[in-house]
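Protein chains in written order, with the numbering used here: chain A, 1 to 112; chain B, 1001 to 1488.
Bear in mind the hints are in silico, worked out from the structure with no lab data behind them. Warning: the hint list may mix true and false statements.
What the hints assert, rightly or not - With a cut-off of at most 16 Å between alpha-carbon atoms, the simulated EDC-like pairs for lysine to aspartate or glutamate come out as follows:
no.: 1; chain 1: B; residue 1: Lys1385; chain 2: A; residue 2: Glu52
no.: 2; chain 1: B; residue 1: Lys1365; chain 2: A; residue 2: Glu23
no.: 3; chain 1: A; residue 1: Lys26; chain 2: B; residue 2: Glu1363
no.: 4; chain 1: B; residue 1: Lys1121; chain 2: B; residue 2: Glu1058
no.: 5; chain 1: B; residue 1: Lys1106; chain 2: B; residue 2: Glu1357
no.: 6; chain 1: B; residue 1: Lys1309; chain 2: A; residue 2: Glu45
no.: 7; chain 1: B; residue 1: Lys1365; chain 2: A; residue 2: Glu9
no.: 8; chain 1: B; residue 1: Lys1266; chain 2: B; residue 2: Asp1406
no.: 9; chain 1: B; residue 1: Lys1385; chain 2: A; residue 2: Glu45
no.: 10; chain 1: A; residue 1: Lys26; chain 2: B; residue 2: Glu1357
no.: 11; chain 1: B; residue 1: Lys1365; chain 2: A; residue 2: Glu25
Unchecked claim - Ranges between beta-carbon positions, derived for each pair:
no.: 12; chain 1: A; residue 1: Ala85; chain 2: B; residue 2: Glu1457; range: 50 to 56 Å
no.: 13; chain 1: A; residue 1: Ala85; chain 2: B; residue 2: Leu1399; range: 56 to 62 Å
no.: 14; chain 1: B; residue 1: Thr1400; chain 2: A; residue 2: Glu15; range: 39 to 45 Å
no.: 15; chain 1: A; residue 1: Glu98; chain 2: B; residue 2: Ala1122; range: 34 to 40 Å
no.: 16; chain 1: B; residue 1: Ala1456; chain 2: A; residue 2: Asp47; range: 42 to 48 Å
no.: 17; chain 1: B; residue 1: Pro1253; chain 2: A; residue 2: Asp81; range: 23 to 29 Å
no.: 18; chain 1: B; residue 1: Ala1259; chain 2: A; residue 2: His63; range: 25 to 31 Å
no.: 19; chain 1: B; residue 1: Ala1122; chain 2: A; residue 2: Ala82; range: 20 to 26 Å
no.: 20; chain 1: B; residue 1: Glu1157; chain 2: A; residue 2: Ala41; range: 32 to 38 Å
no.: 21; chain 1: A; residue 1: Ala41; chain 2: B; residue 2: Glu1033; range: 56 to 62 Å
no.: 22; chain 1: B; residue 1: Glu1279; chain 2: A; residue 2: Ser62; range: 32 to 38 Å
no.: 23; chain 1: B; residue 1: Ile1303; chain 2: A; residue 2: Ser62; range: 29 to 35 Å
no.: 24; chain 1: A; residue 1: Ala85; chain 2: B; residue 2: Lys1013; range: 40 to 46 Å
All of these numbers come straight from a predicted model, not from anything done at the bench. We treat Cβ as the ideally placed atom computed from N, Cα and C, and that holds for glycine.
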Amino acid sequence: MSANVSMEEVERVAELANLDLAEDEKPSMQRDLNSILEYVAQLNELDTAGIEPMAQVSDLLSHLDDSVGQDDGHGVSLRADAFRASLDRARVMEEAPETDGAFFKTPKVIER
Amino acid sequence: MTDTMTTEKLVEKPATIAELRRAITDGALTATELAERYYARIAEHNPLLNVYLSLTKEQALEQAASVDAIAAKGDPLSPLAGIPVGIKDVLVMQGAPSTAGSAILKGYHPPYDATAVTKLKAAGAVLLGKINCDEFAMGSSNENSAYGPVRNPVDTERVPGGSSGGSAAALAANLAVATLGTDTGGSIRQPASFCGVVGVLPTYGRVSRYGLIAFASSLDRVGPFAANVRDAAEILQVIAGPDVNDATSSSRPVEDYAAESEKDVKGLRIGIPEEYFAEGLDAEVRAAVESGIDALRATGCEIKTISLKHTKYAIPVYYLVATAEASANLARFDGVRYGHRSASATNLSSMYRLSREEGFGPEVKRRILLGTYALSAGYYDAYYKKAQQVRRLLADEFLTAFAGVDAIVTPTAPTAAFKLGEKTDDPLAMYLADIYTVTASLAGICGVSVPCGATAEGLPVGMQVLAPHFGESVAFRVAQAVETGLVK
Chain A
1 MSANVSMEEV ERVAELANLD LAEDEKPSMQ RDLNSILEYV AQLNELDTAG IEPMAQVSDL
61 LSHLDDSVGQ DDGHGVSLRA DAFRASLDRA RVMEEAPETD GAFFKTPKVI ER
Chain B
1001 MTDTMTTEKL VEKPATIAEL RRAITDGALT ATELAERYYA RIAEHNPLLN VYLSLTKEQA
1061 LEQAASVDAI AAKGDPLSPL AGIPVGIKDV LVMQGAPSTA GSAILKGYHP PYDATAVTKL
1121 KAAGAVLLGK INCDEFAMGS SNENSAYGPV RNPVDTERVP GGSSGGSAAA LAANLAVATL
1181 GTDTGGSIRQ PASFCGVVGV LPTYGRVSRY GLIAFASSLD RVGPFAANVR DAAEILQVIA
1241 GPDVNDATSS SRPVEDYAAE SEKDVKGLRI GIPEEYFAEG LDAEVRAAVE SGIDALRATG
1301 CEIKTISLKH TKYAIPVYYL VATAEASANL ARFDGVRYGH RSASATNLSS MYRLSREEGF
1361 GPEVKRRILL GTYALSAGYY DAYYKKAQQV RRLLADEFLT AFAGVDAIVT PTAPTAAFKL
1421 GEKTDDPLAM YLADIYTVTA SLAGICGVSV PCGATAEGLP VGMQVLAPHF GESVAFRVAQ
1481 AVETGLVK
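Given only the sequences and the hints, what does the whole structure look like? Please build it.
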């Protein structure tokens, strides 16, 4: 890993993240990304070959007998697969920027 | 410091939960009077401190009235009956806006309660309102809120810490008896240290995350702030436990933390990691933490120097893991279902991009970009996977250390509270404020920050007590011993 993020990469990443960065924001974002990634590069000092990545804390709790929930045998605790009441649709729609009462409305997705 | 009179008026220690419960049970005080007293104090001090973003007075007085009705009949009261509590604005609560400190959620009224909020209500707590925080819990100073910074009541020219700075400041200024915060990389413990209150990072999975507006799901935790260790233990006891709405919540029985916190610590082995007392630690902070260690030694703890040699890699790992998860979690804010929608959009794509550009603040954008970069094709293995591998090394190091000691004690933060604006132009310098807290976050272990002294200027210093997974009882015992030992 080497830190040298170009302006094109900043724009590409912003596009991937669905962010329309203002022109005057781009230079400071580029500077900050480079400075943070340069700092992060110290991880290269460590040899991590063969080390299993740790994505979740539950990965680590095998040292405890009854660590997490009703274990399904895969270290994951899941609730019963049963019908339950969900959120009230009318209340959810009250918070939508635009709705017809039943569905969320957005600008046109497909142009004819 | 502004002036001594102002500060004296701002900083006030609340009565303990036990004292208030006794007064309400005996009829010496009603829950309604207590709530009114807190709203009066909030009205007086909130304009300067900017702690509360919204108040829920009508609901709170209804809750208080129902507690008073039970007390009047002489029926037994639930554990937190009548206790005024404030809620960090990243936790959803019906009847109040939930903004997560962001403009993108301005005016959003959630249709449900977070599980921790539900549990507090069931325990009789009187919920005063929603508390200011860094936007989406991203920050170490509470300067990233779209609704303005919170000021530290100890010195109003300084930050309260972040991201739960409002929750810590509320306690220090006695604008609540207890508050809820969230901690992803130190966001409960560091502000607790800066404001001179107790803050708890529960074990990952101990408290449900349901209803917590997600930042980094493998790190986020909900935990309490209180003015003393026993009160913090009582609040955790109420909010902990399994939840069908959060598959990562643990079904392990919740211990009687309040009773455990009172137990003797004699014979406990306390590890002092040498890496946490190296370069970068402020001399006055070191002295205060050493006085806390002396108090533990005096109560019969065995103090052992240990080494956690991967500590220096924790900040890089944290900022890769947390931002990668944040970039995914914050994808839901797109102007479709809730929150801000740009008025300038002409089609679906520009609606997403402009709504997010207009709604998010600079720190949130910076982290989304960093996380998206670390997850993108060509960089995934070099950044995200590498960070996850080092995360395991850090976590394993704690497991090895806890084979030889019962708890680990460190400074909570390298300095006392810094000045408003001092680090806002340098994100990396700001990130380093979390240098002693992020390792526990990555490993999933629990911890408590307890006040252990002050600098010559009177700024509070916190000591971090870390314990193994589900070792909250031990952490509370050690923190209680520090609290008691330093008061003597």
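Comparing the hints with the structure gives:
With a CA separation close to 9 Å, the supplied pair Lys1385 (chain B) and Glu52 (chain A) stays within the 16 Å bound. Taking the CA atoms of Lys1365 (chain B) and Glu23 (chain A), the gap is about 14 Å. The hint holds against a cut of 16 Å. A threshold of 16 Å between alpha carbons decides the hint, and for Lys26 (chain A) with Glu1363 (chain B) the separation of about 13 Å falls inside it, so the pair holds. Taking the CA atoms of Lys1121 (chain B) and Glu1058 (chain B), the gap is near 14 Å; set against the 16 Å cutoff, the hint holds.
This hinted pair checks out: Lys1106 (chain B) and Glu1357 (chain B) have alpha carbons roughly 15 Å apart, not beyond 16 Å. Taken as a hint, the Lys1309 (chain B) and Glu45 (chain A) pair is honoured in the structure, with Cα atoms around 13 Å apart against an allowance of 16 Å. Between the alpha carbons of Lys1365 (chain B) and Glu9 (chain A) the distance comes to roughly 15 Å, so the proposed pair stays at or under 16 Å and holds. The straight-line distance between the Cα atoms of Lys1266 (chain B) and Asp1406 (chain B) is roughly 12 Å, inside the 16 Å bound, and the hint therefore holds.
Taken as a hint, the Lys1385 (chain B) and Glu45 (chain A) pair is honoured in the structure, with Cα atoms around 15 Å apart against an allowance of 16 Å. A distance of roughly 12 Å separates the Cα atoms of Lys26 (chain A) and Glu1357 (chain B); the hinted pair therefore holds under the 16 Å criterion. This hinted pair checks out: Lys1365 (chain B) and Glu25 (chain A) have alpha carbons roughly 10 Å apart, not beyond 16 Å. Look at Ala85 (chain A) against Glu1457 (chain B): about 54 Å separates their beta carbons, and that is inside 50 to 56 Å.
Between Ala85 (chain A) and Leu1399 (chain B) the beta carbon distance is about 41 Å. The supplied range of 56 to 62 Å is therefore violated. Separated by about 44 Å at the C-beta atoms, Thr1400 (chain B) and Glu15 (chain A) satisfy the suggested range of 39 to 45 Å. In this structure the hint that Glu98 (chain A) and Ala1122 (chain B) lie 34 to 40 Å apart at CB holds, the actual value being about 36 Å. Take Ala1456 (chain B) and Asp47 (chain A): their Cβ atoms lie about 45 Å apart, and the range 42 to 48 Å holds.
Checking the proposed 23 to 29 Å range against Pro1253 (chain B) and Asp81 (chain A) shows it holds: the Cβ atoms sit about 25 Å from each other. At roughly 26 Å, the beta-carbon separation of Ala1259 (chain B) and His63 (chain A) lies within the given 25 to 31 Å, and the hint holds. Distance hint check for Ala1122 (chain B) and Ala82 (chain A): the Cβ-Cβ separation is about 23 Å, which falls inside the suggested range of 20 to 26 Å. Take Glu1157 (chain B) and Ala41 (chain A): their Cβ atoms lie about 36 Å apart, and the range 32 to 38 Å holds.
Between Ala41 (chain A) and Glu1033 (chain B), the C-beta spacing of about 59 Å keeps the proposed range 56 to 62 Å intact. In this structure, Glu1279 (chain B) and Ser62 (chain A) meet the distance hint of 32 to 38 Å, their C-beta atoms being roughly 36 Å apart. Range check, Ile1303 (chain B) to Ser62 (chain A): about 31 Å between beta-carbon atoms, so the 29 to 35 Å window is met. Restraint check, Ala85 (chain A) to Lys1013 (chain B): a C-beta distance of roughly 43 Å satisfies the suggested window 40 to 46 Å.
Hint violations for this structure: number 13 only, all remaining hints satisfied.
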